[in-house]
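Protein chains: 2
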Amino acid sequence: MVVETTRIPSDALQSFTSDVLVGFGVKREHADQVAEVLVASDVQGIDSHGVPRLKMYTDRLRDGLVNLDPKMTVITETAATLALDADNGMGHPASIEAMNRCIAKAKETGLCMTTVRNSNHFGIAGYYAAMALEHGLCGVAMTNATPLVVPTGAKRAYLSTAPIAAAIPAGKEKPILLDAATSTVAWGKIEIAQRENKPIPAGWAVDADGNITTDPNQAVALTPLGGARETSGQKGFGLGLWIEMLCGQLASGPWGAHVKGSRDEVPGPTRTGHAFMAWRIDAFTSEDDFKAGIDRMIQEIKSLETVDGVDRVMIPGEPEYEAEADRRANGIPVHPVVVEQIRMIGREVGVEAPF
Amino acid sequence: MVVETTRIPSDALQSFTSDVLVGFGVKREHADQVAEVLVASDVQGIDSHGVPRLKMYTDRLRDGLVNLDPKMTVITETAATLALDADNGMGHPASIEAMNRCIAKAKETGLCMTTVRNSNHFGIAGYYAAMALEHGLCGVAMTNATPLVVPTGAKRAYLSTAPIAAAIPAGKEKPILLDAATSTVAWGKIEIAQRENKPIPAGWAVDADGNITTDPNQAVALTPLGGARETSGQKGFGLGLWIEMLCGQLASGPWGAHVKGSRDEVPGPTRTGHAFMAWRIDAFTSEDDFKAGIDRMIQEIKSLETVDGVDRVMIPGEPEYEAEADRRANGIPVHPVVVEQIRMIGREVGVEAPF
Numbered sequence: 003m004v005v006e007t008t009r010i011p012s013d014a015l016q017s018f019t020s021d022v023l024v025g026f027g028v029k030r031e032h033a034d035q036v037a038e039v040l041v042a043s044d045v046q047g048i049d050s051h052g053v054p055r056l057k058m059y060t061d062r063l064r065d066g067l068v069n070l071d072p073k074m075t076v077i078t079e080t081a082a083t084l085a086l087d088a089d090n091g092m093g094h095p096a097s098i099e100a101m102n103r104c105i106a107k108a109k110e111t112g113l114c115m116t117t118v119r120n121s122n123h124f125g126i127a128g129y130y131a132a133m134a135l136e137h138g139l140c141g142v143a144m145t146n147a148t149p150l151v152v153p154t155g156a157k158r159a160y161l162s163t164a165p166i167a168a169a170i171p172a173g174k175e176k177p178i179l180l181d182a183a184t185s186t187v188a189w190g191k192i193e194i195a196q197r198e199n200k201p202i203p204a205g206w207a208v209d210a211d212g213n214i215t216t217d218p219n220q221a222v223a224l225t226p227l228g229g230a231r232e233t234s235g236q237k238g239f240g241l242g243l244w245i246e247m248l249c250g251q252l253a254s255g256p257w258g259a260h261v262k263g264s265r266d267e268v269p270g271p272t273r274t275g276h277a278f279m280a281w282r283i284d285a286f287t288s289e290d291d292f293k294a295g296i297d298r299m300i301q302e303i304k305s306l307e308t309v310d311g312v313d314r315v316m317i318p319g320e321p322e323y324e325a326e327a328d329r330r331a332n333g334i335p336v337h338p339v340v341v342e343q344i345r346m347i348g349r350e351v352g353v354e355a356p357f
Numbered sequence: 003m004v005v006e007t008t009r010i011p012s013d014a015l016q017s018f019t020s021d022v023l024v025g026f027g028v029k030r031e032h033a034d035q036v037a038e039v040l041v042a043s044d045v046q047g048i049d050s051h052g053v054p055r056l057k058m059y060t061d062r063l064r065d066g067l068v069n070l071d072p073k074m075t076v077i078t079e080t081a082a083t084l085a086l087d088a089d090n091g092m093g094h095p096a097s098i099e100a101m102n103r104c105i106a107k108a109k110e111t112g113l114c115m116t117t118v119r120n121s122n123h124f125g126i127a128g129y130y131a132a133m134a135l136e137h138g139l140c141g142v143a144m145t146n147a148t149p150l151v152v153p154t155g156a157k158r159a160y161l162s163t164a165p166i167a168a169a170i171p172a173g174k175e176k177p178i179l180l181d182a183a184t185s186t187v188a189w190g191k192i193e194i195a196q197r198e199n200k201p202i203p204a205g206w207a208v209d210a211d212g213n214i215t216t217d218p219n220q221a222v223a224l225t226p227l228g229g230a231r232e233t234s235g236q237k238g239f240g241l242g243l244w245i246e247m248l249c250g251q252l253a254s255g256p257w258g259a260h261v262k263g264s265r266d267e268v269p270g271p272t273r274t275g276h277a278f279m280a281w282r283i284d285a286f287t288s289e290d291d292f293k294a295g296i297d298r299m300i301q302e303i304k305s306l307e308t309v310d311g312v313d314r315v316m317i318p319g320e321p322e323y324e325a326e327a328d329r330r331a332n333g334i335p336v337h338p339v340v341v342e343q344i345r346m347i348g349r350e351v352g353v354e355a356p357f
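Taken in sequence, the protein lines are chains A and B.
Sequential numbering from 3 applies to the first sequence in my numbering.
Sequential numbering from 3 applies to the second sequence in my numbering.
So that you can see chain A by itself, here it is in the shape it has in the complex (with noise of 0.2 Å):
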C-alpha cells in the first residue's frame, strides 16, 4: 500500500511545534530553540529526530519530568574547560547555551572542552556542531542517552547510542559534516521501519535474546557501529564507551545504563549528559592553508571512480545539504501517522496545526 505523505511548510512546522511546547508549558525562547533543531532536523532529511519526536518530548512535559524554569550552572571551569549543570531543562536549550559557551572560550583560549549534566534528550548532535562553523571554528557534540546498544557479545543493552557530531570548515565547498550514532545505525531508523512495516537489515539490531533480526518489531537493541565482533563491532562499542565516559562520568553524571527513559517502570529526569568540543584553527595552522586543504580533499574523493552501481561518492554532510535544498523549498514530507499524531498533541494544548 502507498502512503500518501503530506509536504508541510519547514516554518508552519516550526511555529507550530514551538507554539505546542509553550502550550505544554516551555518558555517561548526555549521552545523556539528546541523548534528550530527539530525542524532542522526534519529539514536535513533525518526524519528519525525531527517532529516525530514531538510526543516524547511531550510526554515528559505531561509528566513533570522536565523543569520549565531551569538555571543553568557552573561545576567547576578553567581557561580550557567547563562543567555545566543544566538544571533539568530541556536538551536543546541546555546544549545551544552549552556549545556557545564552549565557542566563546576556544575563541579565547585556542580550545575548548564543555561537559552538561541533569540535561536531557537534545535532538540532532550535528546541529551544535555545527555552530562553531559560524564563527569559523571546528565543532564536536556528543550526548548518551538510555541505553539500546548491546555491547559486543553481551546480550542486553547496556550502552546508548553515544552518537558523535563533528563540523569541519571548509573555504569554497560546504563544511564537512558528520553524524553518527556509534550504533549500526540510530534507534529511529528502526522507527521508521516499524511505523513503514518494513524489513530491516541483517545486523542492524538483535531480539530479546541477543540474536539478529530483521523484524522491526522484535528489535529490542542495536549492535555497535561494526556489528559482529567479525566485522570489528568491538570498535563501535569502545568508541562508545569512550563517549559514554565524556558524557557520562566527565560531565559528573550517569551513562547510558543509568539514563532514564520512556521505558523505565518508574518515571524520572533522564540526567542525560553532553560533551561538546571547539577550536580555532588558528591556534594550530595557517586558516587558508587548512581550508585550501579541505577543499582539496573533498573534490579529490568527489572525483573518485565509483564501484558499479554507485553514482557518485558522498561526502558526509552532502545528503544533509540536498536534503535541505529540497525541503526548504518544498516543504517536508511527513508520514500520514506522525502528522495525526502531532495534530492531536497540539489540540491537547488548544494548538490548530495550520497543516
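Incorrect hints may appear among the rest.
You can't tell identical chains apart in this list, so a pair holds if it fits in one copy or across any two.
Derived pair list, reagent style DSS-like, types lysine-lysine, alpha-carbon separation capped at 25 Å [unchecked claim]:
id, residue 1, residue 2
1, K262, K73
2, K304, K157
3, K157, K176
To be clear, the hints were calculated from the coordinates, so they are not data collected in a lab.
Quick caveat: nothing in here was measured; it's all calculated off a predicted structure.
With the hints as your guide, set chain B onto chain A.
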C-alpha cells in the same frame, strides 16, 4: 601444515630491535624508544604492529628517507594547543615527545590538543594514549598513514586507516584502553592472513575493482568501519575523514591520499601527521567519583549475560592485558618467517639475534 612458532623473551626482542636500529644509524635513545613501542605491541598481542614491521622501518632507514638527527620545533602554541614539526624523525620518539608535551600542558591548563607534522609511522596509537594514564589523565592518540581505505562507494583507497586510541583511568579496575583503526580491520590483519595463507572474512577488504574479496592476496584496500553502506560504512568513512583532518590539514601537513609510503614509485619522506589529546579529570569532576564510575561501568559490563557461544564480554584493553601477562612470562610468539626476516636484517648491520 602446522608452523612451529618461536617464543622469544620480550627483553631479548627489545634489545635486539634497538641494536638493529642503532646499526642503521638511529641514536640509541631513539632506537630504545622505537624498540619499546614495537615490543609493547607484540607483548599486547597486536602482532600486526610489532617487530614484523621492523623491515618497513629499516627499508626506509636504508634508503635515507628518515632524518637520523631530527630537531623537533614548535609551529605555534597557545595555553591549550600545540602544533609541532617532527623534522622527519622516526615517528615513535617524535610521538613520545609530543605526548609528553601534551600531558605537561594539560596538567597546567586542564586540556591540551597537540598536532605533529613531518613525522613517520608511529606504531600502535594506544602506546601514546596510555602515557596519559601514568599522570592520572585521559589520553587520546591519532595518526594518518598511507591511503588504504576506500571512501564508501569509491573504487580505490583514499584515506588511511586513521586509527584512534583512547585511554581512560579506572580506580580498582584496569584502565580502559581503546585502540581502533577506523577501517573494518588494520592492514596488518591482511598481512597476517597473507603470511598464514588463510582467507579473510567478507567485508574486510576490496580487490582492484573495488569489489569485496576473501582472498588476502587479492586485497588492495580496506573498507571503512561498518563495511558496506547498508551497514553504515559511511560512518567509519566519516570518522576517518575527521581523524585525517586533525592529523593532516590541522597539523599543517598532508592527509591519507598524500602521505607517502613503501608503495610509492618515487620514494620520499612520508610526511605523516599525528594528533594527541590529554585532559585532567579534576578539570571537570571529582577524580574519585570519576574512577568509581568507570569501575562500576566495567564491572557491570563484565557481568552482563552473554549470547550463546560467547564466554564473556571483553572491555577494550582486556585482550591486550591478558596477552601481556602471558607473553611477559612465556615470551612472544613470533612467526618463523618473521624470525628469519629480522635475523637477516640484523646481520646486514652486524647484529646477531640472540634467538
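Hints versus structure:
{"no.": "1", "hint": "K262 with K73", "verdict": "within (21 Å within a copy, 53 Å between copies)"}
{"no.": "2", "hint": "K304 with K157", "verdict": "between (40 Å within a copy, 12 Å between copies)"}
{"no.": "3", "hint": "K157 with K176", "verdict": "between (42 Å within a copy, 24 Å between copies)"}
In the structure shown, no violation is registered for any of the earlier numbered hints.
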